[in-house]
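*Asks:* Using the hints provided, position chain C relative to the given structure of chain D.
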Amino acid sequence: MGAEAILVFFIAGIVLVGGGALASKLLSPKSTNKDKWEPYESGMKTIGPTWVQFKVGYFLIAILFLIFDVETIFLVPWAVVMKKVGLVGFVEIVIFIVILGLGLLYAYKKGAFKWE
Amino acid sequence: MGAKIIFYLIAGLMILFSILSVSTTRVIRAAVYLLFVMILMAGFYFFVGYNFLAGVQLMVYSGGIAVLIVIAVLLVHNIDHRMERIPVVEYLWKGGVLLAGAILTILTINQFPFQRIAGTEDVSVSRIGTKLLSLGDGGYVLPFEVISILLLAVMVAAIIIAKGEVYKNEEK
Numbered sequence: 001m002g003a004e005a006i007l008v009f010f011i012a013g014i015v016l017v018g019g020g021a022l023a024s025k026l027l028s029p030k031s032t033n034k035d036k037w038e039p040y041e042s043g044m045k046t047i048g049p050t051w052v053q054f055k056v057g058y059f060l061i062a063i064l065f066l067i068f069d070v071e072t073i074f075l076v077p078w079a080v081v082m083k084k085v086g087l088v089g090f091v092e093i094v095i096f097i098v099i100l101g102l103g104l105l106y107a108y109k110k111g112a113f114k115w116e
Numbered sequence: 001m002g003a004k005i006i007f008y009l010i011a012g013l014m015i016l017f018s019i020l021s022v023s024t025t026r027v028i029r030a031a032v033y034l035l036f037v038m039i040l041m042a043g044f045y046f047f048v049g050y051n052f053l054a055g056v057q058l059m060v061y062s063g064g065i066a067v068l069i070v071i072a073v074l075l076v077h078n079i080d081h082r083m084e085r086i087p088v089v090e091y092l093w094k095g096g097v098l099l100a101g102a103i104l105t106i107l108t109i110n111q112f113p114f115q116r117i118a119g120t121e122d123v124s125v126s127r128i129g130t131k132l133l134s135l136g137d138g139g140y141v142l143p144f145e146v147i148s149i150l151l152l153a154v155m156v157a158a159i160i161i162a163k164g165e166v167y168k169n170e171e172k
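Protein chains in written order, with my numbering: chain D, 1 to 116; chain C, 1 to 172.
Same shape as in the complex, but just chain D (with noise of 0.2 Å):
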């Protein structure tokens, strides 16, 4: 039953935005122009490669939401069961932040997010 189901939303949803983009290409007007292609078609012409590399200042904030994405997945087990655990449950809780919050005290101090 629940496969089935699964199957059938899976095949809707396929259907849906395959239609949509297929009946957007069929109705569409078409322009075909090589100025399509640029980044601003009304712009100036680009002279040389268009790209520039990004900071590393955006490597260090996605490192630390991944540690507290880890985190966030870690207090949702507790989340569910917070009444049944009680008092016990919510004291390892603060001891695990007060650990992770040490090291967000660690990055303010070193200035990790300063946007310099």
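FYI, nobody ran anything at the bench for these hints, they're computed from the structure. Source: prediction; values computed, not measured. There's no promise every hint is true.
Keeping only pairs whose Cα atoms sit at most 25 Å apart, straight-line, the calculated DSS-like set for lysine-lysine is [as the list claims (entries may be wrong)]:
#, chain 1, residue 1, chain 2, residue 2
1, D, K110, C, K163
2, D, K110, D, K55
3, D, K114, D, K55
4, D, K109, D, K55
5, D, K45, D, K30
6, C, K163, D, K114
7, C, K163, D, K55
8, C, K131, D, K83
9, D, K34, D, K45
10, D, K25, D, K36
11, D, K109, C, K163
12, C, K131, D, K84
*Replies:* Positioned in the frame of chain D, the structure of chain C alone reads:
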């Protein structure tokens, strides 16, 4: 029947995107195909009933690691660089070696008499939570707290590497 179709659908898509990921000539596309593979892996976990693990897979792997990889790719100097296209002959032979390895692995795994163990089928989030925070027998509270220390170490290391403190000190 429907379950089998879903299994082969997910497996087929995963194989397709894995092959696309290693055969594309653009780095950023390889990263995005890897993201698709990770999402489909979450689909597998949902399929076998590991809902929490599927959530972890979606949040940490496709939401975190894949974004990290994409950002790492965006940091490279010339993203327009195309990898060399691999000749078909090499595809065939690497594919053949991989297929032989896969067949060997499957045959070896099938030798093992797998048995369904009664009483371990409940993998609900509440059970995981209770076990994770339990101080008694079979509780995982110490590993749980150690994880936070591991994450702390990762965070400090990431900041030191990204901020380049070590190199600055050496220059002085």
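*Asks:* Hint by hint, say whether it matches the structure.
*Replies:* Against the structure, the hints:
Between K110/D and K163/C the alpha-carbon distance is near 8 Å, which keeps this suggested pair within the 25 Å criterion. Restraint check: the Cα-Cα separation between K110/D and K55/D comes to about 17 Å, which is no more than 25 Å; the hinted pair holds. This hinted pair checks out: K114/D and K55/D have alpha carbons roughly 13 Å apart, not beyond 25 Å. This hinted pair checks out: K109/D and K55/D have alpha carbons roughly 20 Å apart, not beyond 25 Å.
Of the supplied pair hints, the one linking K45/D and K30/D holds, its CA atoms being roughly 23 Å apart against a limit of 25 Å. With a CA separation close to 11 Å, the supplied pair K163/C and K114/D stays within the 25 Å bound. Annotation: proposed proximity of K163/C to K55/D holds, straight-line Cα distance about 12 Å (limit 25 Å). Annotation: proposed proximity of K131/C to K83/D holds, straight-line Cα distance about 14 Å (limit 25 Å).
Simply put, K34/D and K45/D have alpha-carbon atoms about 12 Å apart, close enough for the 25 Å limit, and the pair holds. Under the criterion of a C-alpha separation no larger than 25 Å, the hint pairing K25/D with K36/D is consistent with the structure, at around 16 Å. For the given pair, K109/D sits about 12 Å from K163/C by alpha-carbon distance, which is consistent with the 25 Å threshold. A threshold of 25 Å between alpha carbons decides the hint, and for K131/C with K84/D the separation of about 12 Å falls inside it, so the pair holds.
When held up to the earlier numbered hints, the structure conflicts with none and fits them all.
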